[in-house]
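Undergrad: Sequence:
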Amino acid sequence: MPVELLSFTPAYCIVGAYRLVHDPKLYIPIWQRSQRSLRRALVLAVPFLLVAFPLTRLWVTLVLSRSPFSPRNLDQAAYLGISPITYTTWTLTLGQLSLLVEWMLARELKKSRNEAYRRTVQSRGKPDDWWQPYTEEWLVPPVERAVRTAEKQSFYSRLSSPLVRMLLLKVLLTPLSFIPGLSLCILSSIRALTLGRHLHKPASRPD
95 MPVELLSFTP
105 AYCIVGAYRL
115 VHDPKLYIPI
125 WQRSQRSLRR
135 ALVLAVPFLL
145 VAFPLTRLWV
155 TLVLSRSPFS
165 PRNLDQAAYL
175 GISPITYTTW
185 TLTLGQLSLL
195 VEWMLARELK
205 KSRNEAYRRT
215 VQSRGKPDDW
225 WQPYTEEWLV
235 PPVERAVRTA
245 EKQSFYSRLS
255 SPLVRMLLLK
265 VLLTPLSFIP
275 GLSLCILSSI
285 RALTLGRHLH
295 KPASRPD
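Here the numbering used here runs 94 ahead of the position in the sequence shown, where the first position is 1.
No lab work stands behind these hints, which were simulated from the structure alone.
Since we're looking at a predicted model, the values are computed, not measured.
Mixed in with the good hints, there may be bad ones.
Just the calculated beta-carbon pair ranges, DEER-fashion [what the hints assert, rightly or not]:
no., residue 1, residue 2, range
1, G110, A240, 44 to 50 Å
2, Y181, S217, 51 to 57 Å
3, L132, E245, 39 to 45 Å
4, V237, L149, 39 to 45 Å
5, S159, A240, 36 to 42 Å
6, Q226, R134, 40 to 46 Å
7, R239, L138, 49 to 55 Å
8, E196, Y121, 44 to 50 Å
9, S251, Y181, 19 to 25 Å
10, L203, S251, 21 to 27 Å
11, Q247, L138, 38 to 44 Å
12, S217, R160, 37 to 43 Å
Yeah, the Cβ is synthetic: ideal placement off N, Cα and C, and Gly gets one too.
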């Protein structure tokens with residue numbers, strides 16, 4: 095990664111994704127662990143889609159027909175050749191489908207995060223006793239910079255709070271929720287802002 099991006103911690107998400115794709119020590123065990131749940135999720139996705147799509151379309155039609163901001167004839171109204179009912183229905187349905195797949199893979203993803211953490215530690219080539227609490231000693235402590243950093247961390251912690259994440263997922267990202275993994279990448283970028291507090295530790299103790 096370029097040195098210029100070291101201070102931009104959301105870029106670490108891209109580096110991690112690149113390593114996940116190109117490092118066989120990571121993607122082989124992660125794929126072997128997750129493939130069964132992924133296949134099960136894809137099998138369940140078909141009947142879920144067949145049931146959820148007509149119900150969602152009915153609900154969308156009901157809501158849009160009563161909205162004062164909707165066109166009078168929803169069936170003929172189209173933007174770029176796409177009906178607002180069709181677009182909204184597919185957006186909500188595929189968003190639900192994406193959440194279903196991510197929910198079924200949640201346990202494997204948690205284990206995979208621990209696996210990636212262990213592999214990262216092993217790649218440093220350091221003994222276990224080397225990983226100890228880190229303390230900096232300064233002749234002239236940079237107090238002002240420390241205060242500014244603490245203020246930024248406080249802001250970043252609020253930005254990565256569950257309330258903000260829910261607002262992003264349920265409101266702002268709803269039109270794009272049909273893109274698989276989009277919410278995961280955005281939330282990972284937000285959490286990367288508090289990298290020192292959240293991402294330097296595994297999610298839980300390895301099993």
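Undergrad: Next step is simple, just say for each hint if it's right about the structure.
TA: Here is how each hint holds up against the structure:
| no. | hint | verdict |
| --- | --- | --- |
| 1 | G110 <-> A240: 44 to 50 Å | 28 Å, violated |
| 2 | Y181 <-> S217: 51 to 57 Å | 45 Å, violated |
| 3 | L132 <-> E245: 39 to 45 Å | 42 Å, holds |
| 4 | V237 <-> L149: 39 to 45 Å | 59 Å, violated |
| 5 | S159 <-> A240: 36 to 42 Å | 58 Å, violated |
| 6 | Q226 <-> R134: 40 to 46 Å | 42 Å, holds |
| 7 | R239 <-> L138: 49 to 55 Å | 52 Å, holds |
| 8 | E196 <-> Y121: 44 to 50 Å | 18 Å, violated |
| 9 | S251 <-> Y181: 19 to 25 Å | 36 Å, violated |
| 10 | L203 <-> S251: 21 to 27 Å | 23 Å, holds |
| 11 | Q247 <-> L138: 38 to 44 Å | 41 Å, holds |
| 12 | S217 <-> R160: 37 to 43 Å | 57 Å, violated |
Hints 1, 2, 4, 5, 8, 9 and 12 from the earlier list are contradicted by this structure; the remaining hints agree with it.
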